[in-house]
Amino acid sequence: QGSFQEPQIWLNGTVDSVKYRDVDLGKLDLNWAYKEKNLEIQNLTLSSPEAKYNWSGYLPLNLSFYQAQERLLDKPQRIIFQGEGTSFSLIHIFLMDVEYLTGNFTSNIQIEGTPVHPQLNGIVKLEKGVLKIKQFQEPLQNVQAVIRMINEDIYFDEAAAYSDNQGKLTAR
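Take the sequence shown: its position 30, counted from the start at 1, is 30 in our numbering, and no numbers get skipped.
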């Protein structure tokens, strides 16, 4: 509906197998609507045996089929991201020195501000983690972390791990 200049789009569907590079991410369920330069994410869920991620909220976008100077608009946004699981399957793609990271994790993050100037508020917790860093011969065991995000700041409230070679490692 709408026009090529001001489209209106409703999308509800499932992609049964999502893959990024060499990583199988699982099933994607989505339900969103676009009109008046606003993408409303009613539900966007990525789930696999190792993790489940959910997004909801709204994002100001210009999805006109015509040429546009800006696609991401400098207007308020609010996206709620929640996740839980036992493995961060994509971490080696974004952090090249990390081979893998497993453990029980939960996250709850609100992305506000604007797409041009985002503000993140929330928390990520990891318990009973195993972190393999390429430069270390043995993985770090029993990794515990509590990470808070407030606007543009990231706080490591807790970060601890055990190394066979170095004993207990902590950081704050």
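Keep in mind that the hints are not guaranteed to be accurate.
Claimed, not checked - So the derived label-pair ranges between C-beta atoms look like this: (1) Gln144 to Ile9: 41 to 49 Å; (2) Gln110 to Gln141: 27 to 35 Å; (3) Gly167 to Met96: 41 to 49 Å.
Claimed, not checked - Once the Cα atoms are required to be at most 25 Å apart in a straight line, the calculated BS3-like pairs of lysine-lysine come out as: (4) Lys168 to Lys134; (5) Lys27 to Lys75; (6) Lys132 to Lys52.
Read the hints as simulated data drawn from the structure, not as lab findings.
Ideal Cβ positions, reconstructed from N, Cα and C, are used throughout, including at glycine.
Here's how the hints hold up against the structure:
{"no.": "1", "hint": "Gln144 to Ile9: 41 to 49 Å", "verdict": "holds (43 Å)"}
{"no.": "2", "hint": "Gln110 to Gln141: 27 to 35 Å", "verdict": "holds (32 Å)"}
{"no.": "3", "hint": "Gly167 to Met96: 41 to 49 Å", "verdict": "violated (27 Å)"}
{"no.": "4", "hint": "Lys168 to Lys134", "verdict": "holds (19 Å)"}
{"no.": "5", "hint": "Lys27 to Lys75", "verdict": "violated (31 Å)"}
{"no.": "6", "hint": "Lys132 to Lys52", "verdict": "holds (22 Å)"}
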